[in-house]
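Make a model of the complete structure from these sequences and hints.
Protein sequence lines, in the order shown, are assigned to chains A and B. Just so we're aligned: 567 in my numbering is position 184 of the first sequence, and the numbers increase by one with no gaps anywhere. Just so we're aligned: 349 in my numbering is position 269 of the second sequence, and the numbers increase by one with no gaps anywhere.
Possibly wrong hints are sitting among the right ones.
To be verified - Using 20 Å as the maximum straight-line C-alpha spacing, the simulated EDC-like pairs for lysine to aspartate or glutamate come out as follows:
| # | chain 1 | residue 1 | chain 2 | residue 2 |
| --- | --- | --- | --- | --- |
| 1 | A | Lys536 | B | Glu406 |
| 2 | A | Lys444 | A | Glu474 |
| 3 | A | Lys444 | B | Asp323 |
| 4 | A | Lys536 | B | Glu115 |
| 5 | B | Lys247 | A | Glu547 |
| 6 | B | Lys624 | B | Asp531 |
| 7 | B | Lys247 | B | Asp220 |
| 8 | A | Lys536 | B | Asp113 |
Everything labelled a hint here was simulated from the structure, so no lab data went into it.
What follows is each chain in one-letter form.
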Amino acid sequence: MTKLSTPLHRRLTLAFAAMLGLCSFAPESRAEYDEYKVKAAFLLNFAKLVTWPGDTPAGGKLVIGLLGDTEGTAVLTRALEGASLGGTPVEVRHLTSIDGSADCRIVFLARDGVVTPESLLAATRGGRVLTVSEMPGFASQGGMINFFPDGRKLRFEINPGAAEREGLKISSRLLALARVVEEGR
Amino acid sequence: MVQTRGVQVLVGLAIVFWATSAGAVEEDLVAMDLEDLMELEVTTATKSARRAADTPAAVTVITHEEIRRSGATSIPDLLRRVPGLNVAQIDANRWAVSARGFNDEYSNKLLVMVDGRSIYTPLFSGIVWAEHDLMLEDIDRIEVVRGPGGTLWGANAVNGVINIITKTSTETQGLATVSRVGTHERFNGASRFGGAIGDNVHYRVYGKFADRADYESRLGGDAHDDWQSVRAGGRLDWQATEDSLVTVQGDFYDADAEHTIAPVGIEGEDEYTGGNVLARASHQFSDTSDMSLQLYYDRNVRDTPIIEEHRDTFDVDFQHSFQPFEGNRLVWGAGFRASTDRISGRLGLGFRGRAQTDNVGSFFLQDEIQVIEDLLSLTIGSKFEQNDYSGFEVQPSARVLVTPNDRHTLWASVSRAVRTPARSDEDVAIFQPSTTAPNTFQQIVGSSRFDAEEVIAYEMGYRTRPLDPVTLDFAFFINDYDDLRSVETVSSFPFGPITLQNQTFFNRLRGVGYGSEIAAQWAVTDFLNLSGGYHFTRTDLSFKSRGADANARDAAETETPRHAFHIGTRINLPWDFEFDTTLFWVDRQATNRTNSNQIDAHARLDMRLGWRVRENLEVSLVGLNVIEPQQEFADSVFTRASDVPRSFYGSVRWLY
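Below is the structure:
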């Protein structure tokens, strides 16, 4: 039983022909990296260039909380697990709600995160947590660092006021590379 | 043998790919400076591992969180919340589950897999759900694709594919236990321990025991359908290199399920035992290229009042995806499956050929082309499959995806899929009183001339996020069915008041199925989340030349509810309390069987109150079907339906 109805068959043939045509015009490929592997590397760099009050993290671990159950957070987990920063091991925590976010040093809110930026910021207030996201407008809503795409490259914006309120010091090197934003803009 | 050579070629190919990848070492991104990182060009996750929102098909994902908060204790009960799926419980251990119509205990147009291992039985192309009493806490997600998935997954994925994906061992470290005690779940307990060997090897072992009580018979008294199941297994994940993962997993199960056989009401016990071992090696060559090789062996023994079946299945699958040009992703794969059975029928059921091996070999190729970057993509491909019953089958599909921006996704597709004949279609012999005509006995005998059933599906979908907290998902389909199975009377003999009919299987039905599915999610506030789903499904069949099976036609047209919806609320209360409810409603379903009653439209309400006492301790109280006891499905061919009662249980969940 392998008969195909003729119109579908013809449509498929056309589609194949179109595909071959498109392939021959496609440009050469360049080296590309997975967005979230790069974001993982960024997160570790942020940790390096931000100074928390009280210095060493509690429990001797750099706890990074991930909010959102996406392919992206899965890649982040794989990339960050087992990493360490100047001898401090990194611990990745999957957060299913804002509970526990205040116990992390860094919280990353994924694009399809389970909570809104406002509730994350409310939950981490006073917890001295570096809040990072990839949601447009996160930093101007009171978040600290936000990724945004610039063509095929990744950029980030920083809201220094939000960091200062929590007592976090952001190095001038980090600020120099960022687009600086203020609240309400 | 050709098949053996096929396997050798696969293994050979795998070794070649492995060897060529050994030299490629990816730069260590983590060690890079910020300045360098900012110069890197990135691929978005959607290109390598896509999000459900960007798939050109009707997809619903049940997340771990939804599983936890549903209160459901079985896979079919979880599936109730997927629009487009028809789920009805027949008795305490049996469900009828199908996608887009044709619902029956022996539904045969749905493919279900657990971690890449197919769990539908080649006996009748359906699922025996009581065999799959998984530890729900270790399930990461359930991906449900409505509509044909034949191009990637092959025969049987006619109206849907369900992928049950368990967590990796790295995500299930430490000790966890969950216990439930209640009215129907007399005791349901599971424990898991996850540990590590060195830095790169993680493992878990688990065990589960469940003892479920009888439901009530709608004729009064005990329904004799209690269900005990024991299940144990483990999984080991070895991160061989940064880009290579080797997984070995296996399960063993033993389930005893009481069974009241319709229409006569004979009581017996079904015993299901079995186990499986699966090994999978996957390697990521780059962000655009990966490969995996998977082998599994599955053993399954069913000892019931109507059949004794021993089945050994061996399966090998290879898959490779790469980017031949920028904006073009090619996936191809090949597989081989051999399933050997030993069957003897009982109680009016017979089988021609006591032992048999069925072989299926397949190859698929699929190309995803970015016609206009980030706006329009085209996915075309086909599966080519050779089976012992209907020979060579081609299952192509073409899909278009339009993503004008983050908030809107449009897709459309045309695809062909087949349901290839099962062992029972060819070799079964059933002697039974007619379920539709009085004083009539039927002798139904399988046919080697029975051919594959076919669908050509035209689908369209639209997903949107009109506001940040709201997502809406619409899907529409028209299924053009051909060569559907009909049971035709070949001859009939009157013996006084009794008539004996000789019947066999033909492909003499055709028709259309059409419908739509809507799913909605709304995160109203931090503490309130609403979700809902609605579907409409209709099937209209007609006879082909010399076809006359009005029963099969009427069953397809009327025995699946035409409308269904559900509304779920998840509320986070102060002091770490959670309150969740789901209301389900399904339309009436007619039945054309003499000994069964029509199922009226009915509602079902599930409720859960959970309290996270501490970070690692959760207690909850759950009520399932709390409105009233009710029958959800008419008598099946061999099974008397029970009333699904109200049931309540308390549960304690402890991690670490």
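_Violated constraints from the hint list, given by number and in increasing order_ = Violated: hints 3 and 5.
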